[in-house]
Structures are given as C-alpha cells and as structure tokens.
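So the chains spell out like this:
Protein chains: 2
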Amino acid sequence: MARVFNFSAGPAMMPLPVLEEIQAELIDYKGSGMSVMEMSHRSKVYQQIIDEAEADIRELMGIPDNYKVLFVQGGATLEFAMIPMNLRKNGVFDYIVTGTWSKKAASEAKKYGKVNVIATSEDRNYSYVPDVSDLPIDDDADYVYICENETIHGTTYKELPNTKGKILVADQSSMFLSKPVDVSKYGIIYGGVQKNVGPAGLAIVIIREDLINPELDKSVPTYCSFATHSENGSMYNTPNCWAIYCCGKVFKYLKKLGGLEAMNKINQEKAAILYDFLDNSKMFKGTVDKEYRSLMNVPFVTGDADTDAAVVAATKAAGFDNLKGHRSVGGLRASIYNAMPKEGVQALVDFLKKYEEEHK
Amino acid sequence: MARVFNFSAGPAMMPLPVLEEIQAELIDYKGSGMSVMEMSHRSKVYQQIIDEAEADIRELMGIPDNYKVLFVQGGATLEFAMIPMNLRKNGVFDYIVTGTWSKKAASEAKKYGKVNVIATSEDRNYSYVPDVSDLPIDDDADYVYICENETIHGTTYKELPNTKGKILVADQSSMFLSKPVDVSKYGIIYGGVQKNVGPAGLAIVIIREDLINPELDKSVPTYCSFATHSENGSMYNTPNCWAIYCCGKVFKYLKKLGGLEAMNKINQEKAAILYDFLDNSKMFKGTVDKEYRSLMNVPFVTGDADTDAAVVAATKAAGFDNLKGHRSVGGLRASIYNAMPKEGVQALVDFLKKYEEEHK
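Protein sequences, first through last, are from chains F and B. Take 975 as the starting number for the first sequence in the numbering used here and just add one per residue. Take 975 as the starting number for the second sequence in the numbering used here and just add one per residue.
Chain F extracted, bound-state conformation:
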C-alpha cells in the first residue's frame, strides 16, 4: 500500500528517503556487521554517529561554540522540571503562557520556585500571542520561558519577547528545525524530536555553557542535571542511540535540501496553501489570529462539532490520517511539519474544497 499523508501532531512523518536509508542499514550498518540498535554506545562506530549528528545540527542551526548540544531522554515533560531545577538561583521564574504546553511547563516549575505568569492569551483560548515587547519581567527572574510554537493551539511567536536582559528559554518542539533561528538570543532552546525530526524518546537541548551548573541542590536526580549530560558527551548513561542516529540522518537530509532557509521557504509555501484555502472557505476557518499562525500546526473548525467529526471521518476514509483536532480546541488540526510534502497539503486542500462544494 502507498504511504498515507499523516497529519499527526507527533510522532509524525519522517522523510521517505531517510526511512529508506534507515531500512537499508537496519541489519548491517555500513559493514559493521550489526544494527545501530545493537551497537555499544562506547564503540567507535557509534561515537562517529553521535559526533556527526552533533556537528550537523550545529551547522544547520548555526549553534555558537559557547553552546552545548545535549541528547536527553524523558521528552519535554522532563525538561519542564529540569529547566527550573538547573537554572534556579533566586527561585523566581517568569512564564509566558500561550497554550497547553507553556501552561504545563509553568505548572511544573511551581514545584521549584515562584512562577510569575507575565503574559497569557488564555482569555481567547490561546488563539494569539500577547504583546511581548514590554512585559513586567521580575527583577529576580532566573529566566523567561516561552513555548515558541504551541502544537495544540497552533500559534507561533512573530518576534521574541523582550526579556530585559534575562535568560530566554524556549520550547521549540513543534517548530524545531523548521526555520532559521538566532541561537545566540536564547539561553536554552530545546525540543522533543518526535514532531519535526525523528522518533520519540529524545529531546535535544541547546544550552549556553555558562548556564550549566554542576552544583545543584542535592534533591535533583543525577539524570536531571544538565551538567551530567554535558560533562559526558550525552553518554553519562546509554542514550537513545537509535533516535540520535535517525535524527542525524534527518540533519543530513535537511542539509542536502539547502538547510533551514530552504526548509522555511518550503514551509511557508506549504502553510500558505492551507491558510489561503481557509481564508477563502465559507465552511472552514482557522482558529488563530492571522499574524500568530503557526506554519507547523494548523487548527481549523466548521463551527459545528458534528460537521467537524464528519469531516474528520471523511478525511480518514480518503487516506488522510490524524486530522482530528485536540479536544481543547476541537475541530480539525493539520500538522504539516518538515517531512509533510507539499503534495500532501495540496491533496488535503483539494479534498476539503471538494467536500465543501458537495456539502454546501
């Protein structure tokens, strides 16, 4: 059977050429006589895999030398705790809450200090990003936290917040590697890779070296200290070797496509196909204010829950998968990450157009 267009919010599509390479190497990686899944993480052959992955993401993102790249398990959920545990000095944390994921992060941080929600878009169900040009940043704030692309609500930042000199921490999970970013503006960028890069079970943490504190409170698990991972090349213990390998393949693929500038251009084009349709449709409309629309996650509704459900069922029957919106927004959501081909978005729009015509 053909591969489906999978609009899942994550785990999500991976590039077919990457999957084909992985498949070809699965039993015998480059004459090593073993699968990557079977390799000692201490072996030369594996060390080369992780070293290349790091070098390639450094090149793709233009990561400055004073930043470390860490490969950590536990996903964003564990990062929600690790960030306050590792950055805590005054125990005051400023959060901008623009959706489910920044809200969860703020809630977890409360375990470790005082959380100030310095801006939120909760008043209109997180359908926009608040003005972040002049926020009441706390003088004692250890950092300012954002989720730069909210997967469920489909919003993204147009510009980064003015942190007034405080450290900026960004969860980029659902926009990771989707466009160029200026890493030097952040203290920490992290992302679970299972949306825009590879298989689940791995977060990539890009952290400015001076923020790595080897002298944490003793209640912090050894695994949860960034220093543990940093001092041991992400191999204090056995990492998710397979996910690192797969992500490394995706990094090389993105480089070949022209890097993040090229990806951004493709992503802009893809999103425009869908948003243009939504803006001209009488049946469907996007749920997010235009200027804050995510290029990656596109929620939309008909305005009637039963109709929404019927459309989801129809897309599924037509071979489009995972278009049901998250229950907190309802309706439909098309996640169109890097690996979703333009033809997939076009085919979905064609289908929705036809559906609309047939159900006027």
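One or more hints might be untrue.
Each pair may be met inside one copy or between any two copies, as identical chains are not told apart.
[As the list claims (entries may be wrong)] In silico DSSO-like links for lysine-lysine, alpha-carbon gap of 27 Å or less:
#  : residue 1 : residue 2
1  : Lys1063   : Lys1192
2  : Lys1316   : Lys1004
3  : Lys1085   : Lys1063
4  : Lys1192   : Lys1018
5  : Lys1290   : Lys1018
6  : Lys1132   : Lys1264
7  : Lys1078   : Lys1018
8  : Lys1290   : Lys1088
9  : Lys1004   : Lys1259
10 : Lys1328   : Lys1264
11 : Lys1077   : Lys1132
12 : Lys1290   : Lys1004
13 : Lys1004   : Lys1328
14 : Lys1084   : Lys1192
15 : Lys1018   : Lys1264
16 : Lys1159   : Lys1239
17 : Lys1153   : Lys1084
18 : Lys1063   : Lys1084
19 : Lys1327   : Lys1084
20 : Lys1264   : Lys1004
21 : Lys1229   : Lys1239
22 : Lys1085   : Lys1192
23 : Lys1192   : Lys1088
Quick caveat, the hints were computed from the structure, so don't treat them as lab data.
Fit chain B to the given chain F structure using the hints.
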C-alpha cells in the same frame, strides 16, 4: 558482510529474525501507510502495539494482576533516583552492594534518605555475592535493593535476599528475561532493555500496585513519579514508541522459542561452553567465584594486562566484537545475552583455544 558475533555488554545483539521483521515493516507497518516511528502514540494502531507488548511480557514473566508494567525513559540511571523518591516513607534504604551498578544506585539514593549498605562484596572486587540469608535489615527500611546481575563484575544471585518482610527492589537490566523469575517475591523489578531485549532508551518497570504513591513530595518531577506513568498507561507523554515496538517483537520471539524456561536452558548451555573452557584453560581464568557466576556477563583474564590487550585485539581481528573488559575489572568480558547464538559462544571458545595453543 556477515553479521559479527557482538559480545557487547549493552546495547547488544538482537535476534536476527526480529531485526528482519522490523526491517520489512520499517516504511509501512502492516498496511498502515507509515513507519512505527511516524505513528501518533494516541492512534489505535500504536495502542495495539503497546497493549500487545504489555500482554506478552506479562505472559512471559507470569506477572501477577496486582503488578503494573511501565515503560519509562531515562534508563536505570533515572530509576536510581525514582526508586527512593517513590518508595520513601521513613527515608531509610537498605542496599546490597555487589558491583558498580548497585554502588551507583546506593550513591544516588543518598540524595533522598539514609542509605545502609547492609552487605557488600567490595573486599574482593565484587567477585562474589555475599551471604544474604540473615542480613541486618533496618526496622525502618523502606526497601531492600539489589542489582541481581552485575554487568561489569559478572556476578549473579543464587538466591534472593531474606528481606525480613521488607520490599525487595531488583535491577535486572543485564538478566532481564534471561530466565524465569517469581515476580511476586519482588516489590519492583526493573531493567534497561538495551542489554537483553531491544534498543536503548527504555526501562521496563514492574511494580506492585500498592507501591505506587500518587502523593509524593512536591520536589519530585512529574515524570519521575511512578503514578504518572501508571495512571496514563505509560503515555503521560510520548514514550519511546520505537523501543516498545522492538521489545514487543522480542517478546513474541521469546514466546515462540518456548518462553523463559526455554531461554534459561539455552543460556545455561551457552554459559557452560565458555565456563568449561575457562575452568580448563591454563591461559585464561574467570574472575568470579563459581557459584555466583553470571550466565550473561563472563569476565575473564590472563593475569597479564598486555596479554589481555593482545587477546582482545586478536578477537577483534577475527570478527568478534566488544570483548574488552570494563576497566574496573580489566581483561576480557563476553556478554552472552539471549540473542547471542550458541554458535557465537562456541566460535569464541574455539578461537581462544587455538590462541592458547599458539601462545603456550
């Protein structure tokens, strides 16, 4: 090229028929039109994968109904912290230290309470397991902890400790699914899967339900609470979906081979080939007291570090991989987990015999 005999302590060999199945399904899992790596963990097709994996390991190990099976990231290293954080009542933890891994676990537990080392084999470099029939168990001990098979030192327990009614917690990482165990004797059994089952990045935790405490100290990260994983079917956040899938394949393979009784028989036979050779060799000898020898990890030495190194180099040149012993024991170590075929062990012994004859 042919697949090598890979004696790595972990990650380690997986059964070839399993790898072949995974390879065949890599791009399109059973007509779903997508790779398992691309599936939403909330989809029906993935739910079936994780449900079957759990059902199969329950059947293999005979896990009673009052035990939960959890799929957690972060490896044994995170478990070292999670166990005291989750089981802490009196804040007193009894540890039996029989090698590197139980020592590390005890060290981590000190962050969360008072650790009593109630027995250790440190006096003879962890080359045996101390008598555990009548230990000075603390009246207030929240649990008694063992590493049931020490990967580096190559020891295993002949019988479980008499915990005098206290909860027994066992790290079974390097013996996981190698033989039948009576789960009801344990409060918690856990194992990183990257030695005896599948790819790295996943620990399986088998925990008696009454030990799951949803009311932990607030300093415990949400991810580190067993209740978080238990209450959400190991899907509070996106799990390591790929590793769970691969482990599920291995579970089915083990069932087909006859289950853990059959595996134990094969493992006994494999280990006997190597230990018989060592016991009759004039050049090589095992480092562990006979009655505590692991069936999985077999450290051995020549008594001379240069000769050890020469032998390791010769094995490598002959196509046997990862036989270098851990630096804390020196010499060589052959890890002969479930997936190492008997022919691999026999071929290694044949090679070592020949080497010995040629270097008399």
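Going down the list of hints, with the structure as the test:
Taking the closest pair of Cα atoms, Lys1063 and Lys1192 come within 27 Å of each other both inside a single copy (14 Å) and across two copies (18 Å). In this assembly of identical chains, Lys1316 and Lys1004 lie within 27 Å of each other by CA distance solely across copies; the values are 25 Å between and 32 Å within a copy. In the homo-oligomer, the alpha carbons of Lys1085 and Lys1063 lie at most 27 Å apart both inside one protomer (14 Å) and across protomers (20 Å), since each shortest distance falls under that limit. For a Cα distance limit of 27 Å, the shortest separation of Lys1192 from Lys1018 qualifies neither inside one copy, at 34 Å, nor across copies, at 42 Å.
Within a single copy, Lys1290 and Lys1018 get their C-alpha atoms only as close as 45 Å, which misses the 27 Å cut-off; across copies the closest is 13 Å, which meets it. Within a single copy, Lys1132 and Lys1264 get their C-alpha atoms as close as 11 Å, which meets the 27 Å cut-off; across copies the closest is 67 Å, which misses it. Only between protomers do Lys1078 and Lys1018 lie at most 27 Å apart by alpha-carbon distance; the minimum there is 25 Å, versus 40 Å within a single protomer. Taking identical chains as interchangeable, the C-alpha atoms of Lys1290 and Lys1088 are never at most 27 Å apart, the minima being 45 Å within one chain and 56 Å between chains.
For a Cα distance limit of 27 Å, the shortest separation of Lys1004 from Lys1259 qualifies neither inside one copy, at 49 Å, nor across copies, at 35 Å. In this assembly of identical chains, Lys1328 and Lys1264 lie within 27 Å of each other by CA distance solely inside one copy; the values are 24 Å within and 75 Å between copies. Taking CA atoms no more than 27 Å apart as the test, Lys1077 paired with Lys1132 passes inside one copy only; the shortest distance there is 19 Å, against 50 Å between copies. Proximity of Lys1290 and Lys1004 under a CA criterion of 27 Å is satisfied inter-copy only: 17 Å between copies versus 39 Å inside one chain copy.
Proximity of Lys1004 to Lys1328 under the C-alpha cut-off of 27 Å is found in neither arrangement, the shortest distances being 47 Å within a copy and 30 Å between copies. With identical chains, the CA atoms of Lys1084 and Lys1192 are at most 27 Å apart both within one copy (18 Å) and between copies (9 Å). With identical chains, the CA atoms of Lys1018 and Lys1264 are never at most 27 Å apart, being 50 Å at best within one copy and 33 Å at best between copies. Taking the shortest alpha-carbon separations for Lys1159 and Lys1239, only the intra-copy value of 22 Å comes in at or below 27 Å, while the best inter-copy value is 59 Å.
In this assembly of identical chains, the alpha carbons of Lys1153 and Lys1084 never lie at most 27 Å apart, being 31 Å within a copy and 44 Å across copies at closest. For the identical chains of this complex, Lys1063 and Lys1084 are neighbours both inside a copy (14 Å) and across copies (23 Å), given an alpha-carbon limit of 27 Å. Proximity of Lys1327 and Lys1084 under a CA criterion of 27 Å is satisfied in neither setting, with 46 Å inside one chain copy and 63 Å between copies. Proximity of Lys1264 to Lys1004 under the C-alpha cut-off of 27 Å is found in neither arrangement, the shortest distances being 48 Å within a copy and 40 Å between copies.
In this assembly of identical chains, Lys1229 and Lys1239 lie within 27 Å of each other by CA distance solely inside one copy; the values are 14 Å within and 50 Å between copies. In the homo-oligomer, the alpha carbons of Lys1085 and Lys1192 lie at most 27 Å apart both inside one protomer (15 Å) and across protomers (6 Å), since each shortest distance falls under that limit. In the homo-oligomer, the alpha carbons of Lys1192 and Lys1088 lie at most 27 Å apart both inside one protomer (19 Å) and across protomers (13 Å), since each shortest distance falls under that limit.
Checked against the numbered hints listed earlier, the structure breaks hints 4, 8, 9, 13, 15, 17, 19 and 20; every other hint is satisfied.
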